[in-house]
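Protein chains in written order, with the numbering used here: chain A, 53 to 359; chain R, 97 to 269.
Do not take every clue at face value.
Said to hold, decoys possible - From the derived model, a few chain A residues whose C-beta atoms are all more than 12 Å from chain R: (1) Pro173; (2) Lys195; (3) Asn244; (4) Leu287; (5) Ala300; (6) Gln319.
Claimed, not checked - Which bits of chain R does chain A cover? Going by a derived footprint, with three or more residues having C-beta under 8 Å, they are: (7) 122-128; (8) 155-161; (9) 171-179; (10) 183-195; (11) 215-229.
None of these hints come from the bench; they were simulated from the model.
No residue lacks a Cβ here, since even glycine has one placed at the ideal position from N, Cα and C.
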Amino acid sequence: MEFQPQPFFHRGPAPLVRLTFFIAIAVMLMVLDARFHALEAVRSALGVLVYPLQRLTLAPVDAFNGIAGYFSSQSSLQRENDAMQSKLLQSAKDTLTLETLASENDNLRRLLEARQRSPRPAVMAEILFQGRDPFSRKVVIDKGTGTDILAGQAVMDDTGVIGQVTRVFPMLAEVTLITDKEQATPVQVVRNGLRAIAYGDGAALDLRFMAANADIQNGDVLVTSGMDGIYPPGLPVAKVTRVERDQAYAFAKIQCVPIAGTDKHRQVLVLALAADVPPPPDAETAVQKGAKGSARRSRARQAAGGG
Amino acid sequence: MYHETRPQRILLPANPLFVAATLVAALSFNLMPWRNTLGLPDLMALVLAFWCVHQPRRISVGTAWLLGIVMDIANGALLGQHAFAYCIMAFAGNALSRRLLWFPVWPQALQVLLLLLGTQLLMLGVRMISGSPFPGVLFFASSFISALLWPFVTLVLLAPQRRPEMVDENRPI
Chain A
53 MEFQPQPFFH RGPAPLVRLT FFIAIAVMLM VLDARFHALE AVRSALGVLV
103 YPLQRLTLAP VDAFNGIAGY FSSQSSLQRE NDAMQSKLLQ SAKDTLTLET
153 LASENDNLRR LLEARQRSPR PAVMAEILFQ GRDPFSRKVV IDKGTGTDIL
203 AGQAVMDDTG VIGQVTRVFP MLAEVTLITD KEQATPVQVV RNGLRAIAYG
253 DGAALDLRFM AANADIQNGD VLVTSGMDGI YPPGLPVAKV TRVERDQAYA
303 FAKIQCVPIA GTDKHRQVLV LALAADVPPP PDAETAVQKG AKGSARRSRA
353 RQAAGGG
Chain R
97 MYHETRPQRI LLPANPLFVA ATLVAALSFN LMPWRNTLGL PDLMALVLAF
147 WCVHQPRRIS VGTAWLLGIV MDIANGALLG QHAFAYCIMA FAGNALSRRL
197 LWFPVWPQAL QVLLLLLGTQ LLMLGVRMIS GSPFPGVLFF ASSFISALLW
247 PFVTLVLLAP QRRPEMVDEN RPI
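Build out the structure end to end from the sequences listed, making use of the hints.
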């Protein structure tokens, strides 16, 4: 008869087994997240659990800001007030002309039977903090699915576009700034209407795949083109700072700096998505159409050669 | 040859509540709204490494994994990135525990520096594979600053376990 004595010290599975187990889970999560983007639900559920702790850590910062604001001197407030007054006066002039221009534009568009550009509702939000992740440029704002924020919405401050909502939690949303490496913004040069796509490069933006002789100069202002139906057209995005045309490359190297204060402001506007954008063509059908077209062309070529 | 000649202090057992509280405090420090400051010490990794070295029976791979996942969620990083790196760090910390505690505190800091640098390298590798850009050499400054904090962290986190010193010729320990 076999008798197993009770283990003297009960320590659970061996450390190496435990390590392998947890690493396996972590690697699985990373692959699922990076390759298949399949974990948004998990993220949002866990995000709700972490939320109280996050709010708690914001409390001392908020308190400090509050105290600093309380002691800000009369003169600085006066100066700020003066600056805002003059800014308001200047923008009042623009708004007055804007109304007449807008109605004129409406009339012209009606004449041309073009699609009306509908104004979009916007939600104001506050930036809570910037992500600590040094590999990406993201900020977290204090509005989420609770206030009908959707992934894909454009985010702007008072000077221009700062980014796009990429992840939504019940009470928070994550905004990827236009300077993030994986963020692309469709833009247009104000001076001549040239379209391009601005990619983030960590600190600034660059226009890739522009021909070496593209008509772009230093100081050109880029605004959103509105081609994608996500960003409303005409919002300032960036300013060209350096154009490098090298004979050895087919494309020019064009660098821009964002116009909006991507690292500065606390208050931002989240713009609603346009309601009436037609869905983009399905990738498969587009490919099939292209294949069919080329098949037809080759048949035609054969017929021409045979006849 | 290095010879340890100073007397070793016998410490009181660690209070599990204190261990948990310091881990949560370090996590809160990391969750504070630091901007994208390169070189900010990763206090979570440091305190986790501390307890992995000092309490290998209590704090090991599982705790590290859980805290790593929380870091990933809160930072919007790749899910599992911190969990993966912290797991390996915890395992190495547990394994090094016996040897590391034999040294005085500054040589300990030097070895902890290697541990933290390894953790950062793992995270960098994972992110580079998933297509992120290299954030610059200053990214590693974080480990150096964390390692400089090791003696201070040792002082603070071991404080509740120390006893008042009573010199008694008849009882040397």
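*asked:* Is the listed coverage of the stretch 122-128 of chain R by chain A valid when you require three or more residues with a beta carbon under 8 Å from a beta carbon of that chain?
replied: holds (count 6)
*With 12 Å as the threshold, tell me whether Pro173 of chain A passes as away from chain R on beta-carbon distances.*
holds, 26 Å
*Three residues minimum, CB to CB under 8 Å: does the stretch 171-179 of chain R make the cut for coverage by chain A? Let me know.*
holds (count 8)
*Cβ separation check - Lys195 of chain A to all of chain R, threshold 12 Å*: holds, 16 Å
*Distal placement of Asn244 of chain A relative to chain R, Cβ over 12 Å*: holds, 31 Å
*Distance rule for Ala300 of chain A, whose beta carbon must clear each one in chain R by more than 12 Å*: The claim holds: Ala300 of chain A sits with its nearest Cβ about 24 Å from chain R, beyond 12 Å.
*Could you check that no beta carbon of chain R comes within 12 Å of the beta carbon of Gln319 of chain A?*
At about 15 Å from chain R, Gln319 of chain A clears the 12 Å cut-off, so the statement holds.
*Beyond 12 Å from chain R, beta-carbon-wise, is Leu287 of chain A?*
With a cut-off of 12 Å, Leu287 of chain A remains clear of chain R, as the shortest Cβ separation is near 24 Å.
*Counting residues of the stretch 215-229 of chain R whose CB is closer than 8 Å to a CB in chain A, do you get three or more?*
holds (count 6)
*Please count how many residues of the stretch 183-195 of chain R have a CB within 8 Å of a CB from chain A and say whether that reaches 3.*
With 5 residues in contact (Cβ-Cβ under 8 Å with chain A), the coverage given for the stretch 183-195 of chain R holds.
*Whether chain A covers the stretch 155-161 of chain R (at least 3 residues having a Cβ closer than 8 Å to its Cβ atoms)*: With 5 residues close enough to chain A, the hint holds.
The structure agrees with every numbered hint stated previously.
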